[in-house]
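If you want the building blocks of each chain, they are given just below.
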Amino acid sequence: MTTTTDTPRPGRDAARRRDLLVRIGFIVPAVLYMLAFFGFPILKNIVMSFQAYDFATFFNGSAPFIGLENYAATLSDPIFLRALRNTGLFTVGSILGQFVLGMGLALYFRKRFPLSGFLRSLLLLPWLLPMIVSAAVWRWILEQDNGVLNRFLENVGLISEPIPWLVSSDTALIAVIGVYIWLGIPFNVVLLYSGLQSIPEELYEAGALDGATGWKAFRHITLPMLRPVVSVVLLLGVIYTLKVLDLIIGLTGGGPANATQTLATRSYEMSFVEFDFGQGAALSNILIVIALAFAIVYLRANARAAKKG
Amino acid sequence: MALGGCGQGSRGTGTQEIRIVDYYNTPADDVAIEGTFESCAADLGLTFSRERVPGDQLVAKVLQMGSSRTMPDLLMLDNPNVQQVAASGALAPLEPHGITTDGFTPAVADLGMHQGTLYGIAPTVNTIALFYDIAALDEVGLEPPRTWDELRSAAAELTTSDRYGIAFSAIASYEGTFQFMPFMWSNGGDETDLRGDGVLGASQLWADLVRDGVASRSVVNWGQGDAIDQFKAGNAAMVVNGPWNIAGLRADTPDLDWGVATLPVPSTGDASIAPLGGEVWTVPITGDEEKQARAAELLKAFVAPEHQLFMGQERSTIPGHAATAERFAAENPDLGTFVEQVSTARARTAQLGPDWPTTAKAIYTANQRVLVDGADPAEAFDEAARTVS
Chain A
143 MTTTTDTPRP GRDAARRRDL LVRIGFIVPA VLYMLAFFGF PILKNIVMSF QAYDFATFFN
203 GSAPFIGLEN YAATLSDPIF LRALRNTGLF TVGSILGQFV LGMGLALYFR KRFPLSGFLR
263 SLLLLPWLLP MIVSAAVWRW ILEQDNGVLN RFLENVGLIS EPIPWLVSSD TALIAVIGVY
323 IWLGIPFNVV LLYSGLQSIP EELYEAGALD GATGWKAFRH ITLPMLRPVV SVVLLLGVIY
383 TLKVLDLIIG LTGGGPANAT QTLATRSYEM SFVEFDFGQG AALSNILIVI ALAFAIVYLR
443 ANARAAKKG
Chain B
215 MALGGCGQGS RGTGTQEIRI VDYYNTPADD VAIEGTFESC AADLGLTFSR ERVPGDQLVA
275 KVLQMGSSRT MPDLLMLDNP NVQQVAASGA LAPLEPHGIT TDGFTPAVAD LGMHQGTLYG
335 IAPTVNTIAL FYDIAALDEV GLEPPRTWDE LRSAAAELTT SDRYGIAFSA IASYEGTFQF
395 MPFMWSNGGD ETDLRGDGVL GASQLWADLV RDGVASRSVV NWGQGDAIDQ FKAGNAAMVV
455 NGPWNIAGLR ADTPDLDWGV ATLPVPSTGD ASIAPLGGEV WTVPITGDEE KQARAAELLK
515 AFVAPEHQLF MGQERSTIPG HAATAERFAA ENPDLGTFVE QVSTARARTA QLGPDWPTTA
575 KAIYTANQRV LVDGADPAEA FDEAARTVS
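Top line first, the protein sequences correspond to chains A and B. Taken in order, the first sequence gives residues 143 to 451; the numbers are from our numbering. Taken in order, the second sequence gives residues 215 to 603; the numbers are from our numbering.
Calculated directly from the structure, the hints in this document are not laboratory data. A few of these clues could be false.
[As the list claims (entries may be wrong)] Derived pair list, reagent style DSSO-like, types lysine-lysine, alpha-carbon separation capped at 27 angstroms:
| id | chain 1 | residue 1 | chain 2 | residue 2 |
| --- | --- | --- | --- | --- |
| 1 | A | K385 | A | K186 |
| 2 | B | K505 | B | K275 |
| 3 | A | K186 | B | K275 |
| 4 | B | K275 | B | K514 |
| 5 | B | K505 | A | K385 |
| 6 | A | K358 | A | K253 |
[As the list claims (entries may be wrong)] Partner residues are not named here, just some residues of chain B that face chain A (Cβ under 10 angstroms, in silico):
| id | residue |
| --- | --- |
| 7 | G280 |
| 8 | S281 |
| 9 | T374 |
| 10 | Y378 |
| 11 | S387 |
| 12 | L419 |
| 13 | L463 |
| 14 | V586 |
| 15 | D587 |
| 16 | T601 |
Yeah, the Cβ is synthetic: ideal placement off N, Cα and C, and Gly gets one too.
Input sequences plus hints: build the corresponding full structure.
Have a look at this one:
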């Protein structure tokens, strides 16, 4: 009938508007959440980095704008370059170690053997411990004179003099990287292992027929199939590692003599030890930009892969 | 709580209660502080509530309370922070409320001063001295060292394959600077001249002790608590530390026979000058002047000599009132050395005031460079002097 198809326009508009409202209604909570918990802090951090925001600011509320002074002071800080270099070494070293060991273990646990499930769950242990507890225990282990590690190495005859793990500029960063590798292995194993599980067995069977076994199978089947997981693991790894604070504070406090000072620990020190929140904010903004650069690389790589696929 | 009798015209319930913030979390401290406040408040007809903050978070908490206008009525601060907080205008002068430091050891009175005005008062204080293992010293037939030369040789003699001669804290934090001060000051060094010979000589002494292997290289990663633990475990025959460890030493190592001596000086006849440690009580400006006055009244009772004596005994700290400290020394011979060391001690903020924390950081950073990287003290402290100028 013509009368039914000829619905009056205003009714349809109202329905459409209601539809739109519902849609917005679903978005609003997320937007509010993002603004309150991400937008505001980042904005505040950016504003703070242009202010003389120090101890007295908290009491009298005065934080005059000083332009780029905080950035100039941060960049000319003698510790800045050292912290930047340490951050780079710490991130590259940790990610490399975690990824290689994590991949090895994930491949190993792919084979089923008695107690493999139990062993795999034991591997999660470092993840379950609060980081500050791990740091305290590792401080004992790495203690120069009576630490377990040095005593063990001495008893098996590998070293004759105790190694000053955490108290020498030469070894402190290496020791901290080592502990962080231990800490990051569970994360890598869990993600890589689940990635491996989703590769269909038939691919390997087909590959084996064409002569792809062992290393060749890993190179031409496992790695390409694992690519999306690998990129997530590496990107998240880099971002987590760039901002590591508690472990370093717990192990060395950024010392000795700034040997393990990173951008994150230095920014914490500026804000909460020197109470120069303006400079601390400036440095943490620099850190955010570096992390953002990695996120962009990742997103672009993903977009390119999607286009190809 | 709502029964608070006096001030009828108050705004709502609970406002009569004096709010107190401090960091006394260990049982011995907590009981002594709580008990003293209870008896003072009862005498004055006041009520109070105490909030205990973890020690390392107090300053952050104070900043937070300052910005949200929720400062307590009585606030305890670690003494090096007092001037910083006072300079920001958050504290009320105490003298208008009738609180004075008359009869106090002058350096103790200095702890709460900022630009000639009294903002805080310390009922009891502490400092550091040299703890030694009596049996270990007897074994090598030595007396506790009094000069740096004696310290060097005693530390060397006491060092064995599984024990260091001496332990101290040179950690990259204010504790590391705190422990450096007695060596620096006794050697004529001054915090306003970091390039001076007195400062460099003290740093060299630390460097020598570590280089000669009579102190562990780990000193750069030890807090004062770690240092005393090394002493308790028998890994060090002497340790630089404070009286707050005495209760722990008695409880954890009842068999260890230890003694305390004043810290060694460069040469015989020099004065042993240690830094004052301890907490200072202040009255923050809350806007409610009537309540500030009541808080000050409570504080005045709290710091009375007889309470200083009680808190000193309970917490192994030294009364700030000079005559009370003498009486305390007579009653507590174990703490006699510390009383003596306090009588010549100095306040860290006396000269630099609110700028002290920056200099303190420059000092521990320079010492870390000397002890870890083997830098020459002259070079390390030259850089330190540049960061504070």
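Check your understanding: Is the hint on B:G280 kept, meaning its closest Cβ partner in chain A is under 10 angstroms away?
Key -> holds (4 angstroms)
Review point. Given the proposed pairing of B:K505 with A:K385, does the C-alpha separation stay at or below 27 angstroms?
Key: violated (45 angstroms)
Review point. Measuring from the C-beta of B:V586 to each C-beta in chain A, is the shortest one below 10 angstroms?
Key: holds (4 angstroms)
Review point. Holds or violated: is there a CB of chain A closer than 10 angstroms to the CB of B:L463?
Key: This hint is violated: B:L463 lies away from chain A, its Cβ roughly 20 angstroms from the closest one there, beyond 10 angstroms.
Review point. Is the shortest C-beta separation between B:Y378 and chain A less than 10 angstroms?
Key: Result: holds, 8 angstroms to nearest chain A Cβ.
Practice item. Tell me if B:L419 is really an interface residue toward chain A, meaning its C-beta lies closer than 10 angstroms to one of theirs. Key: violated (18 angstroms)
Practice item. Take the C-alpha atoms of B:K505 and B:K275, compute the straight-line distance between them, and say whether it is at most 27 angstroms. Key: Distance ~21 angstroms between B:K505 and B:K275 Cα, so the pair holds.
**Study point:** Minimum beta-carbon distance criterion (10 angstroms), B:S281 to chain A
**Key:** Status holds, d = 4 angstroms.
Check your understanding: At a threshold of 10 angstroms, is the proposed contact between B:S387 and chain A supported by beta-carbon distances?
Key -> holds (7 angstroms)
**Study point:** B:T601 as chain A interface residue, shortest Cβ-Cβ below 10 angstroms
**Key:** Because about 8 angstroms separates B:T601 from the closest Cβ in chain A, which is inside the 10 angstroms limit, the hint holds.
Review point. Holds or violated: is there a CB of chain A closer than 10 angstroms to the CB of B:T374?
Key: violated (12 angstroms)
Review point. Does the alpha-carbon distance linking A:K186 and B:K275 stay inside the 27 angstroms limit?
Key: holds (20 angstroms)
Violated hints, in rising order: 5, 9, 12 and 13; the structure is consistent with all others.
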